[in-house]
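K.L.:
The lines below spell out each chain.
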Amino acid sequence: MSGLGSWAARRLLLGGAQTVAVVVLVFALTEALPGDAAVALAGDQPDPARIAAIREAMDLDRPAYERLADWAAGLLHADFGTSLASGRPVTSYISGAFGPTLLLATLTVALLVPIGVGLGVLAARFEGRFVDRLVSAVTLGVYAVPEFAFGVLLVTVFALRLDWLPPTAVGYGTDLLGHPAALVLPVLVLLSRPVCSLSRLVRAGMIDALASPYVAQARRYGIAGARVRYAHALPNAVAPAAQQLARTVDWLLCGVIVVEALFVIPGLGTVLMNAVAERDVPVVQGLAVVFGVITVVLNLGADVVAHRFAPRAEVAA
Amino acid sequence: MRSHRGGLPFGRFALGAVLVCVPLVLALCGPLLVGGPGPRATSFTLGDGHWLGTDFVGRDVWRQVLLGGRPVVVVALTATALAYLVALPLGLISALTHRTWLEETLMRPLDVLLAVPSLLMILLVASVFSPGTTGLALLVALVNIPDAARIVRAAAADVASRPAVEALRMQGESWWRIAVGHVGRSILRPLAADAGIRLTGVLYLVATAAFLGIGVAPDAADWAVMVDRNRTGLFVQPWAVAVPALLIVALTMGCNLLFDAMLRTERDAVPDIVRDIGRDVMKEPRP
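Sequences listed follow chains A and B, in order.
Per full-length UniProt numbering, the very first residue in the first sequence carries number 1; after that it's consecutive.
Per full-length UniProt numbering, the very first residue in the second sequence carries number 1; after that it's consecutive.
Because the hints were derived from the structure by calculation, they are not lab data.
What you are looking at is a predicted structure, and each value in this text was computed from that prediction instead of being measured.
Since no wrong hints were added, every one of them can be taken at face value.
Derived contacts from chain B toward chain A, CB cut-off under 8 Å, selection only: (1) Val112; (2) Leu124; (3) Thr200; (4) Ala207; (5) Thr208; (6) Leu212; (7) Arg231; (8) Pro238; (9) Leu246; (10) Val249; (11) Thr252; (12) Met253; (13) Cys255.
Backbone N, C-alpha and C define an ideal beta-carbon position, used for all residues, glycine too.
Using the sequences and the hints given, assemble the complete structure.
P.N.:
This is the structure:
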């Protein structure tokens, strides 16, 4: 067993390697284009002027390693290049669409933690009884359902049949906070999968912790049941859950792309999908780097949190 | 872990089986039942000989439903099989080798790959290549390889540290006999558990990618594509969206319930955490 310092150093090193790998991977994918990249990217409009413009914009005449170095150096100064489709800097795309996505993500995470932990603790408390079976079966089932199918059914029921909520966010622009009704369904859909995984994990952790000798000892001392559950057992159940929370960022990201497409919310996911459709490589690259780096950083943070909560748990690096 | 779960696995098993049955039968047998394409009617109408109405280009929705399950199921099964085809040798070699450098060379790059969210990876490739159905299967398999390889390795390393393997080694058995004959056979059960969970995840990815228009033609007969394309007529003709969406929900939900109930006895073989986190980076095998 090595010390905390050594563990942290190795974990940071891996995080750094992952960041570099994300940047190189994102760049390498454009290099992997078959034949002439400019011709391939011109796609449906292969007129020579456009091909020349793309070649010019992406500096395709220069060797790949030079462009990679330039691009990576630009990333350090928050310079993501310029869009092929509009000529606007990629940064303006990102800053323009950041608000709605951040709002969705913040709301989801803020609701996810209490609901996920609450359901997990509830199921663990009534282990084997009806409440537990209901919660476990529902979370297990919903866990696997793609957001778009779930979302479209919710729209059919709540917007179409019952007419309680707006079906999409069309017409509200980026000012979603002013129209909370339009946020209900998107956040509900975004929550569906992470809540299930988090609560299942908290349940499993709580059941293990409640069956452990130290909880039995605390009970023998006559400590109140609620205090045993929340002050003694929960912290040990939270360690794996903290890591899971960061993993769900992966899902949240998938979810955000789908939910923004489904509810027509002008966020980063919509920008990404438009850029993919237009083969606007600099925009795709920029967004991929942003998303990739966020994932790496959050995973790093979660492992550190887990290490703090339960140092003996298997958080090996 | 205490185990007073009563009749729970059976209940879930039955529920999962029922849920999976309908979409699976439709997906596999549907294409055999359809007639030729009838004449195109008006978009988004109900009745008029069309049991579930017509879709966005005036095709019969019931016919599209019958045809649309097969791509989802077939691509998901292919992608899962492909992922294991690469992950099995990778994991087995790195678990059974005594050369640390070989293990590190095989496994470390995968740790790094795990950092990229799977759908993002698929979108990135789609933005430059426009993959077809085969491309989508390959892509989904690719993003599943790192995690599958890590689970194969963890399971194999566990078996490889047992006395039986030492004994085989001392008897001078060949590497192949030990790796394939003994270790490979011993890890089949935990791998079956993982395969079930992976298939559910793959179904999710395949359907979501198709919904976002990756690897499919814009008018393809595919449940996910139907949901996407018929959304514009949701208010006029909701069946064209609701039926394929319900089928996808039943398929994925049923799959997960069914596999969980089937593999409940495997709980000890695969630690809960591996099953539930699925993609947790840097999980080392227990010593």
